[in-house]
Structures are given as C-alpha cells and as structure tokens.
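Residue numbers (the numbering used here), protein chains in the order written: chain A, 247 to 641; chain B, 247 to 641.
No lab work stands behind these hints, which were simulated from the structure alone.
As the structure is a computational prediction, the values presented were derived from the model and not from experiment.
Treat the hints loosely; a few may be bogus.
Because identical chains cannot be distinguished in the list, a pair is counted as satisfied if it fits within a single copy or across any two copies.
Straight line, CA to CA, 25 Å or less: simulated DSS-like cross-link-like pairs of lysine-lysine [claimed, not checked]: (1) K641 x K317; (2) K410 x K498; (3) K296 x K410; (4) K610 x K578; (5) K302 x K633; (6) K641 x K410; (7) K498 x K302; (8) K304 x K633.
What follows is each chain in one-letter form.
Protein chains: 2
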Amino acid sequence: MKMKLVGIAGLMVASLCCAQEGNFQPASTNVLDAPYPRVDSESRVQVRIKAPNATKVKVNFWSGPKMEMEKQADGFWTVTTPPQAPGLHYYTINIDGIEVSDPGSHSFYGGSKDASAVEVPEAGATYYLPQDVPHGQIREVWYNSSVTGSWRHALVYTPPDYDKNASVRYPVLYLQHGGGEDETGWAKQGKVNFILDNLIASKSSKPMIVVMANGYARRAGQPVPSGPPAGSPDRMRAMQQMMSTFDEDVTKALIPFIDSTFRTIPDRDHRAMAGLSMGGMQTFVVTFNHLDMFSYIGGFSGAGGMSIGGGPAPDVKTLYNGALADSTAFAKRVHLLWVGVGTEEPAQMRAGIQGFHKLLEDGKVQHIYYESPGTAHEWQTWRRDLKDFAPRLFK
Amino acid sequence: MKMKLVGIAGLMVASLCCAQEGNFQPASTNVLDAPYPRVDSESRVQVRIKAPNATKVKVNFWSGPKMEMEKQADGFWTVTTPPQAPGLHYYTINIDGIEVSDPGSHSFYGGSKDASAVEVPEAGATYYLPQDVPHGQIREVWYNSSVTGSWRHALVYTPPDYDKNASVRYPVLYLQHGGGEDETGWAKQGKVNFILDNLIASKSSKPMIVVMANGYARRAGQPVPSGPPAGSPDRMRAMQQMMSTFDEDVTKALIPFIDSTFRTIPDRDHRAMAGLSMGGMQTFVVTFNHLDMFSYIGGFSGAGGMSIGGGPAPDVKTLYNGALADSTAFAKRVHLLWVGVGTEEPAQMRAGIQGFHKLLEDGKVQHIYYESPGTAHEWQTWRRDLKDFAPRLFK
C-alpha cells in the first residue's frame with residue numbers, strides 16, 4: 247500500500263514536470279478548437295475537464311491507464327498520462343462516481359454509447375492519414391431488409407475513379423465492427439477510406455468496394471442479447487439468434503442490395519469478409535457457412551471456433567459443420583484465411599486467437615497469422631490488420 | 247415566488263401521474279436498446295440517468311424546459327416534461343453543476359460539442375422519415391482546399407438513380423449548418439436525404455445534388471472567432487475574417503471540386519445556396535457577392551442584412567454592395583429569394599428576420615417569406631423550411 251502511494255506521488259511529480267515541458271497539441275479527435283485533450287511528441291496525453299464542485303475526478307482509458315486527476319485553482323481538473331501506445335483510445339471521465347464523456351472530444355460509438363476518444367499519432371505512420379492521392383468516398387446507404395423487416399443503415403467505401411469509368415466493376419470486402427460499436431466504426435475510428443486510398447495509390451491493393459454493415463441484426467420481437475445476465479443460457483440463446491439473423495441479413499438482404507446498387511463483381515472469387523472482435527466471430531460463421539459466396543476471410547482479434555459463451559473445445563474436423571475438415575480442399579477453395587491479434591491484448595483474447603491459430607496449424611489449414619506489436623484490443627491493431635489484409639485480396 | 251412553487255409542485259404531480267399512465271417508447275435518437283429517453287403519444291419526454299451519489303440533477307432542453315429531476319430508490323434520477331413541440335431537441339443533463347451528455351442518447355454535433363438530443367415525432371408527418379421510395383446516398387468527400395491550405399470534409403447527397411444513368415447531369419444546392427454545428431448536421435439532425443428522397447419521389451422536387459460543407463473555414467494562423475469576448479471588436483474581426491475565408495473556400499475550392507467530381511450542371515441557373523442561422527447569414531454574403539454563380543437563395547432562421555455583431559441599420563440600397571438596390575433587375579436575375587423563421591424562435595431572432603423581410607418588402611425585392619408554426623430555433627423549423635424551399639428550385 248505504501249509502495250502504491252509512493253508510485254502515485256512519483257507519477258504526480260512527473261506529470262507536473264512534464265506538463266510544463268511538453269510540446270502538447272490538441273488531439274485530432276477533438277471538437278473544433280477544443281484545446282484538450284492534447285498529446286505531446288512522446289505520446290503523453292493530457293486530459294482536462296471543468297468540475298469546480300467535484301470532490302474526486304478520474305480518467306479511465308478503457309485499454310489504458312486509470313488515473314486520478316488533480317484539481318487546479320481555476321476549477322479545472324487535469325492529468326498527464328505516461329507515454330501511450332499509438333492509435334485511438336476510448337476513454338471516460340469519472341466525476342464523483344459518474345462516468346461521463348469529455349465535451350472536448352468528438353464522440354465515437356463504442357461500448358454501446360457515443361464515447362470520447364483521443365488519437366495518439368504513430369511516429370512515421372501515414373498509411374491511415376489523408377495524403378495527396380486520389381480519394382474514394384464513404385457513402386451512406388439504407389436498405390429495406392426482408393430479413394429483419396426494417397430499414398438498415400450501412401456505409402460503403404467506393405474507390406477513387408469509381409464514378410469516372412462506369413464500365414469498371416469491382417470486388418467487394420464486407421468489413422465488420424466490434425461488439426458495442428456500429429457500422430460507423432471503420433470509417434470514423436478505423437479510417438478505412440484513407441487506408442484503402444493509400445494502398446490503392448501505391449498499387450499495394452486492388453481497387454475494391456468496402457461494405458460496412460451493422461452487426462446487430464434482429465427480427466421484430468427477437469430478444470436483446472444484452473438483456474439476460476452474461477454467461478446465462480438466455481444470453482447465449484439471444485446471441486446465437488442475433489448471429490443467425492445477421493448471417494441471413496448479410497447473405498439474403500445486404501449482398502443482393504449491394505450487388506444491385508453498386509458495380510460489383512458478384513461472385514465468390516471477388517467477395518471477401520473480415521471483421522474485428524465480435525465482427526471476426528461473425529465473419530467466421532457467415533463465411534464458413536457460405537463458402538459458395540466468399541473466398542477471402544479475415545478475423546481481426548476475433549476468435550474463431552469458440553462457441554459464444556464457452557462450450558466444449560473445438561475440433562477442426564467438426565467445426566463450422568466441417569468446413570475446415572479437409573485442409574487440401576479448403577486451400578483450393580479459400581484463397582485467404584487471415585487471423586490477427588495485438589501483442590498487448592488481454593490474455594484471454596490472445597489465448598482464444600492463438601488457440602484458433604494452433605487448431606488451424608494442427609489441422610494443416612493454410613492461413614496467415616499476424617501479430618500487431620505493442621497494441622491492445624484497440625483500433626491501431628485493426629488498422630494494421632487491414633493494412634496487411636487488404637493487399638492480399640483479389641490477386 | 248409562492249405561485250412558482252405551486253406551479254412546480256403541480257407539475258411534479260402531473261409528471262408522476264402521467265409517467266405511469268403514458269405509452270412511452272424509446273426515442274429514435276437513442277443508442278441501441280437504450281430504454282431512455284422516451285417519448286409518449288402526447289409528446290411528453292421522460293429522461294432518466296443513473297447518479298446515485300448526486301445531490302441535484304437537472305435536465306436542460308436548450309430550446310425547451312429546464313427541470314429538476316427526481317431521485318428514485320434505485321439511484322436513477324427521472325423527470326417527465328410537459329408535451330413538447332415536434333422535432334429534434336438538444337439537451338444536457340446537469341449533475342451537481344456539471345453539464346454532461348446522456349449516455350442513452352446518440353450524440354449530434356451542436357453547441358460546439360457532441361450533444362444529446364431527443365426526437366419527438368410529429369403526428370402524421372412522414373416527409374422526413376424513410377419511406378418505401380427510391381433512396382439517394384449521402385457521400386463523404388474530402389477536398390484539398392487551396393484557400394484554407396487543408397483537407398476539408400464535406401457531405402454530398404446524390405439523388406436516387408444518380409448511379410443508374412451516367413449521362414444525366416444535376417443542379418446543385420449548397421446547404422449550410424448553423425453556428426456550433428458542422429457539415430454532419432443536415433444529414434444527422436436534418437434528415438436531408440429522406441426529405442429529398444420523398445420530395446423527388448412525389449415529383450414535388452427536381453432531382454438535385456445537395457452539398458453540405460463545414461462553415462468554419464480558416465487559413466492557417468487565422469484567429470478563432472470564439473476566442474475573443476462576445477461583442478468585442480476582436481470577435482467581430484475574427485468572424486468577418488472567417489466569413490471571408492468561407493466565401494473564398496466555397497467559390498474557389500468547393501464549387502470547382504464538386505463540379506469536377508460530380509455530374510453537375512455547372513452554371514448559376516442550376517446552383518442554389520441556403521443555410522440555417524449562421525449558415526443563412528453566410529448564404530446571403532456568399533450569394534449576393536457572387537450573383538454570377540447563384541440564382542436561388544434561402545435563409546432559414548438566418549437574418550440577412552444584419553452586420554455580424556451589430557452596427558448601423560441596413561439600407562436596402564447599399565446592403566451587400568447594392569446587390570438588392572434595383573429590385574427589377576434583381577427579380578430578373580435571382581429566381582428565388584426565400585426567408586423563413588419559426589413562430590417560437592427567440593424574440594431577437596424573429597425581429598432580425600422579420601426586419602429583413604420588411605426591408606425586402608419596402609424595397610419591393612421579390613421574395614418568399616415563410617413561418618413555421620409552433621417551432622423554435624430548432625431542426626423541425628429547418629426541415630420544414632427545406633420542404634418548402636426545395637420544390638421551388640430549378641423549375
């Protein structure tokens with residue numbers, strides 16, 4: 247206990263020292279002209295919020311430090327973190343026990359709410375930033391899903407020149423967000439458009455259409471997965487129902503809509519699917535169930551083969567109705583199976599993904615395994631995943 | 247004082263009574279599966295937030311009631327408002343003196359932050375809701391502005407069938423957000439795409455492209471308008487500089503980008519501009535300065551002729567460098583000048599817009615004047631404005 251207090255005191259001295267010395271700049275994720283949060287060249291983050299009557303204020307980086315903030319004479323509370331990993335970090339501020347968003351930050355849908363986040367630049371990395379290259383567009387579309395019986399919203403990236411040559415048709419990547427996020431995640435948090443613009447400009451990737459759908463697909467009256475207690479049979483049933491509805495929505499409503507609305511090449515050789523976390527699990531279910539529709543498959547921090555909510559250890563022979571059982575046939579049929587994880591992800595997540603990787607290796611199922619160095623279960627991992635994954639598609 | 251207390255007590259009884267009787271439904275503006283805020287068929291709004299340790303919690307509807315919330319045994323605070331006007335209402339929750347967003351609500355950029363809002367349906371009104379008609383797309387584009395020296399983000403509505411017939415060219419409406427909002431406002435808050443989809447489907451409006459740019463245009467090093475104190479000469483100068491940079495950005499960077507990226511009809515007879523509040527003021531400055539580029543003009547709750555931050559009473563002969571001085575020539579040159587305001591807007595805003603209307607009448611300048619009944623300086627006014635304005639364009 248004494249050690250801990252000394253540690254906090256040391257940290258406070260450090261933050262006081264560095265707050266004055268640093269070259270802090272407002273984060274790119276801030277609302278217009280908001281001076282905080284800000285980031286210095288050593289990737290330290292300074293957070294500030296006005297709460298003159300509060301007695302205790304903390305900042306909670308969801309995949310990073312949880313630190314007490316210090317009250318200033320002007321009623322603002324501030325804190326400076328140690329150097330952070332690059333990328334977009336969700337955070338909340340806790341004021342006297344209440345978790346709130348930071349009004350200085352734009353909001354990003356994560357954790358099932360519009361949450362604050364701070365972008366920490368990665369030194370030398372420009373692959374997800376706007377460059378002076380031809381730019382594609384992100385398009386909002388609505389489709390009337392016969393599966394869910396509702397209007398559903400999706401985002402579609404069209405590559406540069408899509409509008410310039412009306413005779414060219416393109417392959418399609420279906421790209422899913424994680425749990426607690428939505429179809430806006432890959433555009434707002436992930437910077438999918440800049441990543442693809444840059445990869446296409448350098449001829450590392452083929453020009454492609456990217457479709458980002460909402461992963462929460464439910465029929466009218468279908469139960470809400472977050473309703474029943476975690477780990478309960480009801481929760482598992484609700485998750486499986488949602489999974490099954492999503493599978494149907496993608497294959498029976500979304501894909502026909504995309505193929506009739508955009509100039510796609512509507513066959514399995516020109517259709518990929520990938521997703522992060524929950525979206526990775528969804529990708530494996532949808533693609534292995536429909537190998538007649540997909541031939542490129544990516545799981546970004548998404549464990550494959552794990553039954554949702556636990557269950558018996560998976561067997562590569564029976565998994566996904568035997569889709570992986572014959573590794574020779576699988577290698578001929580599936581052009582790419584890609585699995586990735588960040589080195590700093592929670593142990594349980596790493597174990598799940600590494601377990602799937604081992605299961606594939608043991609079963610001699612051809613695949614790519616990638617680790618993002620130094621990044622957690624966060625967007626920098628998934629941006630890097632996409633940067634490695636996209637150039638392997640449609641070759 | 248006694249009267250006021252009785253009034254509040256009466257309201258509390260009413261809200262207790264009705265909270266139990268009502269047929270409340272989660273607002274369409276909520277995040278996935280959030281049960282609150284919710285709205286009943288009489289347009290009463292119930293807000294709820296968890297703050298077990300707070301001593302005083304209030305809800306602050308920016309253009310509506312400011313009410314104390316009541317603590318429940320479970321640590322939640324709740325309140326039920328009297329019936330509200332239809333439309334999207336920004337609000338904040340004040341917990342022990344700190345204004346916070348409601349985690350149950352999606353956020354909408356307004357008041358220079360990502361703010362909570364609740365959508366109160368308008369009985370019988372479907373013009374801004376998704377219908378079973380052909381849908382256009384909202385597209386995100388980035389343009390490298392030579393005026394600001396930065397990448398700028400804009401949203402573009404393309405009408406249904408834009409991609410189906412590559413030989414058709416379309417007229418363009420430039421449509422601006424208000425102060426403290428950004429280019430996402432007309433799409434997220436305004437529902438511009440559904441309004442246009444429905445107007446085009448019923449053949450009330452010509453198919454058109456709608457461009458929504460960010461109204462905060464600044465060169466590197468240009469001062470931030472919100473920096474200097476309100477009403478100060480420095481603030482006025484900063485506002486005028488921003489206005490001038492915006493004018494240049496629209497006419498020298500944005501319009502050339504749009505005309506080279508989309509299939510527009512790039513002439514003044516097929517180019518309109520409108521905006522709300524600050525965007526209305528910007529519209530008048532840009533269009534009257536460039537009547538060679540625009541022939542349809544709309545100000546939605548945006549006073550024309552008022553110098554920013556006050557100044558001498560305007561003279562129709564000298565206003566906007568004399569653009570309105572010759573009403574006969576103006577009527578031949580400008581196909582539409584449209585001015586609107588909500589009946590429940592603050593007195594000062596109504597006075598400014600009615601003053602401009604009177605100035606136009608006295609100067610015999612042909613124009614349309616519209617009042618939105620029962621709505622404030624809020625999005626329902628501007629949705630109705632667009633519904634009246636768009637059918638008058640490009641005829």
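#### Entry: Homomeric proximity label, K641 with K410: Cα distance no greater than 25 Å
within (23 Å within a copy, 29 Å between copies)
### Query
Using 25 Å as the alpha-carbon threshold, which applies to K302 and K633: within, between, both, or neither?
Neither. Shortest intra-copy (41 Å) and inter-copy (49 Å) distances fail the 25 Å Cα cut-off.
### Task
At 25 Å max between alpha carbons, let me know whether K410 reaches K498 within a copy, between copies, both or neither.
between (30 Å within a copy, 23 Å between copies)
### Task
Using 25 Å as the alpha carbon limit, work out where K296 and K410 are close: within a copy, between copies, both or neither.
neither (50 Å within a copy, 52 Å between copies)
### Task
Can you give me the call for K498 and K302, within, between, both or neither, at a CA distance of at most 25 Å?
Neither: 52 Å inside a chain and 51 Å across chains, both beyond 25 Å.
### Query
Given identical chains, is K304 near K633, meaning Cα to Cα at most 25 Å, within a copy, between copies, both, or neither?
neither (35 Å within a copy, 47 Å between copies)
### Task
Check K641 against K317 for me: Cα-Cα at most 25 Å, and say if that holds within a copy, between copies, both or neither.
neither (57 Å within a copy, 61 Å between copies)
### Query
Checking K610 and K578: alpha-carbon separation at most 25 Å within a copy, between copies, both or neither?
Within one copy only: 13 Å inside a chain, 78 Å across chains, cut-off 25 Å.
The earlier numbered hints that this structure contradicts are 1, 3, 5, 7, 8.
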